[in-house]
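K.L.:
Sequence:
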Amino acid sequence: KILTFDKLCTESIRFNDTYEKTRLDFLEYLLEDNNLFVYTDIIVDEGQDFENDWLEYLAEKIPEDGCFYVFYDQQQCLYFEDVNKWIKQAPCKITLFINCRNTEAIAKTAYGTLGINKKQPILSGIEGEQPELISFEDAKEFSSWMDKEVNKYLIETKVDKNSVALITMNTFENSIIPEVIKFSKLSFSERKEKGFICISTARKFKGLEADLVIITDLDWNKLNNEIYRKLFYTTCSRAKHNLFI
Numbered sequence: 003k004i005l006t007f008d009k010l011c012t013e014s015i016r017f018n019d020t021y022e023k024t025r026l027d028f029l030e031y032l033l034e035d036n037n038l039f040v041y042t043d044i045i046v047d048e049g050q051d052f053e054n055d056w057l058e059y060l061a062e063k064i065p066e067d068g069c070f071y072v073f074y075d076q077q078q079c080l081y082f083e084d085v086n087k088w089i090k091q092a093p094c095k096i097t098l099f100i101n102c103r104n105t106e107a108i109a110k111t112a113y114g115t116l117g118i119n120k121k122q123p124i125l126s127g128i129e130g131e132q133p134e135l136i137s138f139e140d141a142k143e144f145s146s147w148m149d150k151e152v153n154k155y156l157i158e159t160k161v162d163k164n165s166v167a168l169i170t171m172n173t174f175e176n177s178i179i180p181e182v183i184k185f186s187k188l189s190f191s192e193r194k195e196k197g198f199i200c201i202s203t204a205r206k207f208k209g210l211e212a213d214l215v216i217i218t219d220l221d222w223n224k225l226n227n228e229i230y231r232k233l234f235y236t237t238c239s240r241a242k243h244n245l246f247i
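Convert by adding 2 to the 1-based position in the sequence shown; the result is the number in our numbering.
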């Protein structure tokens, strides 16, 4: 079964006014030895986004012959200053050294945004096309380029439109995207949906991926900010084969 943490809470106990209250009720529920918890094995993804107590209490409920795995990327820690105590003190840590998602060109771009050279994973061995940095005067010009580039990509690769993502570094309200899609002849959806180009914000698309990613609204002045730089790194790493900024 695949669940968000909030879905796990509401599945296990009754929803209580807000998600915050429900989470607290769920943690209290886990504390009681007599309360039923049906899962013997749990795999947590995006562990850096989990609060310490969520992981600690869940781990306690897993039987000795069960499995509890937490996958995380310290460089994608966007909601907290650092990864939580449970992750830091985990008795067994295994580092995944090989980047299997991105081409080497995209991986180098992503890691380069962090300004670090050491402890980088082993790259995929597939060089791929160099990411491109492009500037446009207005939304209409950008839309015209995008339609041409995306259609060319879809014809060449024969993939579905949902393999393409248009991602803003801003909120939708402060993004160029609403204006761009007015001029575009492509179809768009805020979900990864067959027959549609996926439009999203950098934060919402975190954890997802697309063959071709187009990042908009990059603010160069904010790249001195560590959180913004990590968000940009995360967004670049969503691209598997082609990346335009």
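These are calculated hints, taken from the structure and not from any lab test.
Just so you know, not all the hints are guaranteed correct.
EDC-like cross-link-like pairs, simulated, lysine to aspartate or glutamate; straight-line CA separation at most 16 Å [unchecked claim]:
(1) K87 / E62
(2) K206 / D47
(3) K187 / E134
(4) K163 / D149
(5) K242 / E129
(6) K242 / E134
K.L.:
Hints first: check each against the structure and report whether it holds.
P.N.:
Hints versus structure:
no.	hint	result
1	K87 / E62	holds (15 Å)
2	K206 / D47	holds (15 Å)
3	K187 / E134	violated (23 Å)
4	K163 / D149	holds (12 Å)
5	K242 / E129	holds (11 Å)
6	K242 / E134	holds (14 Å)
Against the hints set out earlier in the document, a violation occurs for number 3 only.
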